[in-house]
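Undergrad: Here is how the chains run, residue by residue.
Protein chains: 2
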Amino acid sequence: MKAYKDYTKEELLVELEKLNKQYKKYQNKHLELNMARGKPCKEQLNLSMGMMDVLNSNVDLNCEDGTDCRNYGVLGGIDECKRLLGDIIEVDKNNIIIYGNSSLNIMYDCISRSMTHGVLGSTPWAKLDKVKWLCPVPGYDRHFAITEWFGIEMINIPMDNNGPDMDMVEKLVSEDESIKGIWCVPKYSNPDGTTYSDAVVKRFAALKPKAKDFRIYWDNAYSVHHLYPDNQDFLLEILDECAKAGNPDIVYKFTSTSKISFPGSGIAALAASKDNIASIKKQLSFQTIGFDKVNQLRHVKFFKNLDGIKKQMARHAEILRPKFELVEAILEQELKGLDIATWTKPHGGYFISLDTLPNCAKCVISMCKDAGVILTPAGSTYPYHNDPNDSNIRIAPSYPVLSEIETASKILVISIKICSIEKYLNL
Amino acid sequence: MKAYKDYTKEELLVELEKLNKQYKKYQNKHLELNMARGKPCKEQLNLSMGMMDVLNSNVDLNCEDGTDCRNYGVLGGIDECKRLLGDIIEVDKNNIIIYGNSSLNIMYDCISRSMTHGVLGSTPWAKLDKVKWLCPVPGYDRHFAITEWFGIEMINIPMDNNGPDMDMVEKLVSEDESIKGIWCVPKYSNPDGTTYSDAVVKRFAALKPKAKDFRIYWDNAYSVHHLYPDNQDFLLEILDECAKAGNPDIVYKFTSTSKISFPGSGIAALAASKDNIASIKKQLSFQTIGFDKVNQLRHVKFFKNLDGIKKQMARHAEILRPKFELVEAILEQELKGLDIATWTKPHGGYFISLDTLPNCAKCVISMCKDAGVILTPAGSTYPYHNDPNDSNIRIAPSYPVLSEIETASKILVISIKICSIEKYLNL
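From first to last, the protein sequence lines are chains A and B.
Positions 1 to 427 (this note's numbering) are the ones given, in order, by the first sequence.
Positions 1 to 427 (this note's numbering) are the ones given, in order, by the second sequence.
Simulated from the structure, these hints should not be mistaken for laboratory data.
Each hint should be verified, as a subset may be incorrect.
Treat identical chains as interchangeable: a pair holds within one or across any two.
[Unchecked claim] Each computed SDA-like pair below joins lysine to any residue, with the alpha-carbon atoms no more than 25 angstroms apart:
no. : residue 1 : residue 2
1   : K410      : N28
2   : K301      : L47
3   : K362      : E175
4   : K281      : G379
5   : K304      : R83
6   : K24       : Y228
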């Protein structure tokens with residue numbers, strides 16, 4: 001296929017007319033399709049229905065140390081659940097606190113606690129004139145929303161295939177004491193699908209920030225979320241690397257079962273150094289008497305161990321893989337050689353990240369919306385919803401069925417083509 | 001019985017020797033008894049085992065509006081659960097947000113949010129030089145622990161049979177803009193078992209605080225927790241009263257099913273005015289995608305409606321009543337007429353509150369501990385663990401079995417007698 005940039009103006013106009021007709025046809029169908037959020041589909045949820053059977057009125061609800069899970073207590077979570085989640089993210093159970101159903105809530109609470117009480121004895125951030133945060137981009141909108149909500153100034157850090165630009169990260173954190181953290185989705189990143197290289201992880205572990213209360217927010221949301229279990233990415237374990245680098249306290253690691261069991265009713269956890277855990281547990285002792293231990297027990301009884309988790313994730317992959325491959329096939333078939341877009345082919349996670357020509361993403365997302373296809377709003381993958389190139393589009397193919405994905409993807413590529421031609425023609 | 005104060009010194013010494021012998025006997029038994037926390041007992045937990053059966057892999061996990069409870073979303077809780085909890089605390093479902101398993105966590109989050117973001121647009125409390133809080137005493141230690149953790153200065157407000165001293169409350173809040181809140185357990189209060197009178201509730205609703213961001217933290221923990229369903233206390237509904245008084249935003253009301261279903265795996269809720277709810281939901285949208293809807297559905301399927309809740313609470317009362325009555329009988333039998341202690345006979349809730357002679361509570365609790373009976377630590381019912389009279393003891397009879405309660409209560413009365421005599425004798 002000839003690249004659009006090599007088309008004559010006349011050829012572009014002909015192509016545009018053809019595309020506009022195709023677009024109209026779709027528009028007339030009054031579709032309602034949604035590829036906006038990384039939401040598991042019904043078939044994926046059905047994989048965990050057995051979890052509703054492992055506990056019943058005949059089952060002993062004591063955990064292995066004899067504690068009655070129904071009653072108050074056990075701040076930090078039951079041992080067997082700490083072990084299960086620890087195995088998922090390769091961390092010892094003593095370095096884990098189990099919370100409620102949302103890892104986002106844990107991250108929010110970590111920042112909130114730092115605002116009011118500081119970090120391991122530092123000045124509460126609310127008492128500082130300025131707090132800044134590093135944001136690898138494109139990244140996760142809900143991360144950026146938390147830091148924005150707390151009035152924290154966000155600084156974009158470019159990503160490449162190895163992870164964030166570590167030269168920039170190292171320079172900034174070593175110079176500016178007001179930089180207190182960085183958001184990372186280190187494996188199958190949201191939305192790029194990038195897994196940080198060993199070198200990047202080691203450079204993170206060895207950071208020497210000017211701010212002693214700087215923390216890496218390591219959101220390991222997709223640790224076992226492979227699309228190709230036989231062709232998976234590998235990520236160095238960060239707590240271990242930080243300890244080896246003499247930097248044990250620099251990282252908070254987060255995980256959850258939201259995309260393993262039920263997104264609404266999973267369990268989430270924080271992993272960190274001994275000192276961080278002790279300090280956070282102290283705060284937690286004022287916040288709650290304990291999180292839902294019955295649900296912790298339910299997860300352990302259902303998955304049993306890491307092997308059970310892996311089998312479950314292979315089943316998730318079976319459902320998700322065709323959806324990703326369908327989007328990728330349509331992008332390939334329709335856009336290859338046109339030189340108007342690039343996109344990722346992730347080995348795991350929940351997103352395909354697509355970059356249009358500069359200044360086309362808003363146009364594309366708006367056209368999609370007008371044809372009944374909801375995508376993540378333009379700019380969402382950047383702090384303040386401001387994509388400086390206006391080019392990144394996050395595609396979330398997990399929820400719709402294949403026929404919907406096919407239609408939505410076709411509308412997407414037509415929109416990309418139209419917006420690109422309009423750009424070339426300065427329309 | 002003759003009051004100890006009317007004993008001669010010689011009589012007191014004889015009595016003391018006898019009591020010390022009794023005490024020693026108990027001490028030699030090396031008991032381990034605990035009446036420290038308001039923790040439901042195993043029989044109470046068993047009342048809710050059916051809750052483990054209402055959901056299984058054959059049950060539709062959609063809620064009434066068709067939302068799949070397994071998936072992400074529905075910030076604020078599913079309608080049918082908002083209705084159920086609304087019925088329990090007499091509030092419309094539109095004024096309710098359902099959270100996770102802990103109302104304490106909601107209260108903590110409310111104060112934390114006020115610290116970082118203020119209240120309905122006010123200055124964040126973390127930016128103020130001083131924040132103060134009113135604490136009706138005796139009260140709930142975990143309340144006081146939260147305000148202490150946030151560095152909020154606590155002011156004691158005496159309680160009587162009608163509730164807090166409202167003259168003092170009105171005067172203080174109208175004069176001091178740094179007073180931002182008050183802790184209330186308005187029904188079957190912890191530990192006194194007091195239910196606020198209509199007049200007190202109306203005076204709360206009509207408060208005219210100098211601080212526009214002042215909030216009443218109305219912890220309705222024991223709304224349906226009667227010991228005598230046929231002789232229950234009644235509490236005016238505060239949201240309604242506040243609205244009538246032109247003060248709709250002044251109150252946050254909290255509740256949970258912790259002592260209805262499972263303490264570790266219940267559901268908790270906040271009720272407030274429309275404006276408060278909207279503002280809090282905005283913040284919540286940064287904190288989480290949603291709380292555990294499957295557990296919300298589980299509670300609705302099990303209890304069905306307020307009638308189901310009432311039946312359950314009557315069963316709880318059947319279990320709890322004999323425990324309270326046993327403590328009360330032993331106190332009555334052993335202490336009546338001695339004029340060394342007073343105690344409450346609550347119609348509901350989880351505690352008996354006992355007052356010794358001044359400067360005896362620490363002695364009593366310490367003696368009990370040395371004989372193997374753990375009570376809530378001395379001073380716990382006061383801010384900063386400082387009971388100015390050193391006289392209040394919170395007795396929590398729910399968890400132990402009757403034989404344990406009997407032994408523990410006997411050790412308690414012996415300890416009270418010994419400490420009182422020692423005080424009279426200036427030993």
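Undergrad: Determine for every hint whether it applies to the structure shown.
TA: Do the hints match the structure? See the list:
no.: 1; hint: K410 - N28; verdict: within (15 angstroms within a copy, 83 angstroms between copies)
no.: 2; hint: K301 - L47; verdict: both (15 angstroms within a copy, 23 angstroms between copies)
no.: 3; hint: K362 - E175; verdict: neither (35 angstroms within a copy, 54 angstroms between copies)
no.: 4; hint: K281 - G379; verdict: between (37 angstroms within a copy, 24 angstroms between copies)
no.: 5; hint: K304 - R83; verdict: within (10 angstroms within a copy, 36 angstroms between copies)
no.: 6; hint: K24 - Y228; verdict: neither (37 angstroms within a copy, 70 angstroms between copies)
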